[in-house]
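J.: Sequence:
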Amino acid sequence: MEPQSWQDLYRNRQTNVEQAILSIKSSQKVFLAPFCNEPQRLIQELVLQKERLQDVILYNAVIGSPCIYADSSCYPHFQIRTFLSSPLLKGAFLHNTCDYLPVNLSEIPKWLTSQKIDVALIQVTPPNEEGYCNLGLSVDIVQTLIKRAGFVVAQVNRNLPFTNGATLVHVSEIDQFVLSDTPLLTLSRGNLSEEEITIGRNVAELIPDYATIQVGLGKIAESILLSLKNKKGLGIHSGSISDPIIELINLGVVTNEQKEINRYKSVCTTLTGTEDLYRYCHDNPTIELYPSDYTHNAAVISNISNFYSINSALEVDLFGQINAEQIGKVPIAGVGGQMDFIHGARLSKGGKSIIALPSTAKRGTESRIKVRTSYVTSVKSEIDYVVTEFGIASLFGKSLQERAKELVSIAHPQFREKLLAEFEREFMKKVIY
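Residue numbering for the sequence shown follows this note's numbering, starting at 7 and increasing by one per position.
Rather than coming from a laboratory, the hints here were simulated on the basis of the structure. Predicted, not measured: the structure shown is a model, and the values here were computed from it. Note that CB positions come from ideal geometry on N, CA and C, so glycine has one too. Possibly wrong hints are sitting among the right ones.
[What the hints assert, rightly or not] The calculated BS3-like cross-link candidates involving lysine-lysine, where the alpha carbons are at most 27 Å apart (straight line), are: (1) K238 x K153; (2) K35 x K238; (3) K31 x K122; (4) K355 x K271; (5) K96 x K225; (6) K235 x K335; (7) K411 x K386; (8) K335 x K355; (9) K271 x K335; (10) K271 x K238; (11) K122 x K238; (12) K96 x K411; (13) K225 x K237; (14) K225 x K335; (15) K225 x K235; (16) K238 x K335; (17) K56 x K31; (18) K56 x K116; (19) K404 x K424.
[Claimed, not checked] FRET-style restraints, in silico, Cβ to Cβ: (20) K335 x E24: 34 to 40 Å; (21) Q10 x K235: 50 to 56 Å; (22) H176 x V385: 37 to 43 Å; (23) I267 x L54: 42 to 48 Å; (24) P189 x N256: 47 to 53 Å; (25) R207 x K153: 43 to 49 Å; (26) Q55 x S415: 55 to 61 Å; (27) I74 x N102: 15 to 21 Å.
Using the sequences and the hints given, assemble the complete structure.
T.: Pasting the structure below:
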């Protein structure tokens, strides 16, 4: 008997969304493709079928997702395990139907190899002429997930861009296909405040020409990128590529000409932004997506000279310890790739690690610079600079008292005296100016 052609496989494995989701049973472990590549039609049907399900464990990493499976009506049916949280999951956390997995993005593929995942829900393009689908917006951990999951269901979405890099999956690796052209998840751009613009300019002072940078997402990240328009020959090796990076490419600021690896290519593991970004990256040979155990691998990053890791935080304490995960009772973000890229920057010749954040929260009523933070994401010994709208704190090689002095100097003026007094009282160390 002759083996089936890929065309026959693809045709025979197509089904409707109702039948595909019926493959999920109570108490199974289901992994949702992360970030903006979360397959929305499959998830919508999963929520519609929730009444027949109990204690299904859903693994996710939330950026851009509406998280409809975290609605209160889903509490008896789904248990969420998230690698990267969101305020949208707060209710589920408080109801004890959501828990947080603090795993570096570089190590989620390794974590997957030790797990039994029953069903993977992913999203792909239609196959090309050789029978390969494309992962489109995000590679991250999906290649490993496909190999480890007992059953793989793919939403085939013609709206997905065809992207370059390690983005191909053969139809033979997927068990069922559901054809559905739902709109892609996007991350809109907002107006920048004067505070955010100033932070961006302060960070830009630290970035030399011909550096390779990693930048996160959000308004501060956008401000930083927009402040780099006068730089030369920058490279991109990042977790995500967003719209402002494309602006820098079009201006000739990003050329990737000095990178020792992936030269002339902007590298990431996920695209996160507007439909304009997705159109730009469609079949664009200068943009490449790779799994997170490559993009976030400190050993890989160490091969790139002058690598600058630029990340945000929720708060920082006067020792320089970084909290990027949790304020109060529930996580609102996650470890993500912060430690991966900071480790990589430490190993890079000429590399630096930068943390950027506003000096205050809650409309100026609370300092983000604390005497001591309750949650530590990144440790004090690995941070070179902390930046707020009030300036730059240089931390590498500084003593505890010197660090406190630097960090108080970039706190909001209304909190500086209080921070100094609390630091001196708690640690019996007087900060000398």
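J.: Flag every earlier hint the structure violates by its number, smallest first.
T.: Violated hints (numbers, rising): 1, 2, 6, 8, 9, 11, 12, 16, 18, 24; every other hint is consistent with the structure.
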